[in-house]
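Engineer: Below, each chain spelled out in residue letters.
Number of protein chains: 2
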Amino acid sequence: MPEISKRGQSVPMSPFRKLIPFADQAKARGKHVYHLNIGQPDIPTPPKALERVRQTDMKVLAYGPAVGNLSYREKLVDYYRQFEIEVTPDQIIVGSGASESLQILMFACFNQGDEVIVPEPFYANYNGFAQIGDVTIRPITTHINDGFALPSIEAFEEAINERTRGIMITNPNNPTGCVYSKDVLLALGALAKKHDLFLICDEVYREFCFDDNEFFSVLNIPELQDHAIIIDSISKRYSACGARIGAIVTRNEVLLSSLTRYVKLRLSPPGLGQILAEATLEMGPDYLTEVKEEYDRRRSVVFKRLQNMPGVISYLPGGAFYCFAKFPIDDADRFCQWLLEDFEHKGATVMLSPGAGFYASPNMGYDEVRMAFVLNTNDLEKAMDCLEIALQVYPGRVVAKQAEAALRNK
Amino acid sequence: MPEISKRGQSVPMSPFRKLIPFADQAKARGKHVYHLNIGQPDIPTPPKALERVRQTDMKVLAYGPAVGNLSYREKLVDYYRQFEIEVTPDQIIVGSGASESLQILMFACFNQGDEVIVPEPFYANYNGFAQIGDVTIRPITTHINDGFALPSIEAFEEAINERTRGIMITNPNNPTGCVYSKDVLLALGALAKKHDLFLICDEVYREFCFDDNEFFSVLNIPELQDHAIIIDSISKRYSACGARIGAIVTRNEVLLSSLTRYVKLRLSPPGLGQILAEATLEMGPDYLTEVKEEYDRRRSVVFKRLQNMPGVISYLPGGAFYCFAKFPIDDADRFCQWLLEDFEHKGATVMLSPGAGFYASPNMGYDEVRMAFVLNTNDLEKAMDCLEIALQVYPGRVVAKQAEAALRNK
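One line per chain: the protein sequences are A and B, in this order. Heads up: the first sequence begins at 13 in our numbering, then just goes up one per residue. Heads up: the second sequence begins at 13 in our numbering, then just goes up one per residue.
Simulated from the structure, these hints should not be mistaken for laboratory data. Each hint should be verified, as a subset may be incorrect.
Output of the computed footprint for chain A on chain B, the stretches with three or more beta carbons under 8 Å from beta carbons of chain A [to be verified]:
#1 54 to 64
#2 206 to 215
#3 273 to 280
Below, a list of computed lysine-lysine pairs in the PhoX-like style, where the Cα atoms sit at most 20 Å apart [as the list claims (entries may be wrong)]:
#4 Lys304(B) - Lys71(A)
#5 Lys358(A) - Lys43(A)
#6 Lys71(B) - Lys304(A)
#7 Lys43(B) - Lys358(B)
#8 Lys71(A) - Lys60(B)
#9 Lys60(A) - Lys71(B)
In this text the structure is predicted, and so the values were computed from the model without any measurement. Built from N, CA and C at the ideal position, the CB exists for glycine as well.
Put together the whole structure using the sequences plus the hints.
Structural biologist: Here is the structure:
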């Protein structure tokens, strides 16, 4: 029997999906599962955009341009202008989701063995994309006590060595919901410029900034013409995860030329998804305003409920639709599996993403989980009911044990 | 300015698309371009399948399973059964086109520096996928004088060294149209078994076997349970290149487990494209029968016309919809560019793919081109008119020069 490759054996399992077999078994036994494990919103995809797909009258579903349809890229130019990001259609490369875009970027920006600095916890699949690209993620740990704010510029600078070729961030952040301010980003930009590093920013949640958090794009950092790269996707803002339409945007012409060669190898991004994506950009702002308000309400529900759960450490996320919380548990992997296998409240349970997969550093996040606010407030309350009771009865609960130990010692 | 990676600088340009700027300029000047350069058929996508997309009434275009929708994979099981290929839905991994599937396979099967034997000329983008995977293609050259038949098993065996981990073929072949017989494939399978190599076969043209050529799948080679892998796509058989739906099919459970982890990183294949793909499998055989007859007619047109062009060496391809011919020219890159820039016949010209990109060996294919029979016979005749006249007047023609030299020497 031929052996598969070493990299094929070690490629990381997505933490969002590794518990799926247990969820399937739970459902097969009749248990309802509230999915907070994956950023798959229950928000309807814009009906007008879906209607455009239904109205398509093409004869041949042909290859499109490798870099994406020009008409779509032209509309994206107008879309970005709303955020004062000035780019041309030639500076946009449409990908099969942000996932493909990130992967191609690994190849085009970095050589094998190069390092990219990423604040952790980070979007877990970065670990897999880095492994595919043979790139090393050098993590800088952020902490729950300040809502996972970016570390100081000094911390970034200390992490730079002769192999460092880039800094990669997600703003607003997945999994923490942290939004990075203009000042912080300008300082990071100055560092990227000083050390001639690519500054890659995954900005797929830019619409979802709450309270007084304001979105600022790395493409708007002056003098970062050749260093700044954004990753984008329609999946979250238009609840169109299945369309698989993302993008890379940069003004670096050498990089654009290389990326173009990479995307030509896979011929073109999904054709039907691009019809939908283009249609989303022809709608007014009402859809996104409503969606943002809905996520804001959900954020309040999760925050309030977590605040009232003993031993849970949490915070109010400033953006996106995630919260990364610390639980009074022995092991989040075990807890999340137990939720699916052994726990039930009113015929239901909740599915969460265990924290460890969101770190590159070892032994981190073992008592943390990511929750995605992708259910309506009614379901979210029920999911929080499950979580609240689960944390009281989970055999591996840590606060309880500490309390018991304290009682015994009296 | 940050430098892009070395691999990003050297990633090969797709030979199907590198002349596109010249084609665009020709069109801008009002010239009609007959595109024989890319396997983009003019055949209508099955109207019933497109209708299914139009009838979709989903509310949320959500992520699907990473390995593809179960309902689609179940129908694929029935589809493969028509070719006596017995597989289960779990042995099928749906990809974003054969391109993505091939790329993931490079990672899962091979380590960096491993070698895979590929008969050349081969589908040109294999060069790019191998570069991305840091895998070395060891080419075995096939020749036009026997219609690019596979070399002897001894030639394959001689190419095997300690780094060899696989053999990759395309059957029916792109770019040559050669169909490999059951006997040849059984012998190749025995070799793969003997040396414990993966035998990867790109079978996207399996419907298009003409005359007495019969299709035989590597998945039907006995005792190759863990070695055989097929690559598939709906792009060609259903003229749905823009859907971006492909597949990997194998019975190797360790490989399937690794591939599943890879595809989970990119979440899911295109959702709308899968609706179309599933619908194609619910139609009767009439569509494909008609399409095959149409390609057969086109094949005859191209063969007959090429036979009558002085100095052109050609053959009757047994399958697929390509012909790889040798022209009496100095350099196919130059000739193909000249066709777009400097040549015109009745307001039109023809676009072809230069041959060198289909080889891994240096200095091969410089006087060869690939032609795709993707236009109706009427347009194909006009394209052949252009080609016939172009070969007479091209300044870099070689036969003419030899003839002139012969005349002078008289």
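Engineer: Each hint needs a verdict: does it hold in this structure or not?
Structural biologist: Taking the hints in turn, this is what the structure says about them:
Counting residues of the region 54 to 64 of chain B whose CB falls under 8 Å from any CB of chain A gives 5; the rule of at least 3 is met. Figure legend: the region 206 to 215 of chain B, annotated as covered by chain A; annotation consistent (3 residues with Cβ-Cβ distances under 8 Å, at least 3 required). Interface restraint, the region 273 to 280 of chain B with chain A: holds (7 residues with C-beta to C-beta distance below 8 Å; minimum three). A C-alpha spacing of about 18 Å is found between lysine 304(B) and lysine 71(A), which places the hinted pair at or below 20 Å, so the restraint holds.
For the hint pairing lysine 358(A) with lysine 43(A), the CA-to-CA distance comes to about 9 Å; that is within 20 Å, so the pair holds. A C-alpha spacing of about 18 Å is found between lysine 71(B) and lysine 304(A), which places the hinted pair at or below 20 Å, so the restraint holds. With a CA separation close to 9 Å, the supplied pair lysine 43(B) and lysine 358(B) stays within the 20 Å bound. Our distance criterion of 20 Å between C-alpha atoms is met by lysine 71(A) and lysine 60(B), whose separation comes to about 11 Å.
Using a Cα cut-off of 20 Å, the hinted pair lysine 60(A) and lysine 71(B) holds, with the two alpha carbons roughly 11 Å apart.
Checked against the numbered hints listed earlier, the structure breaks none of them; every hint is satisfied.
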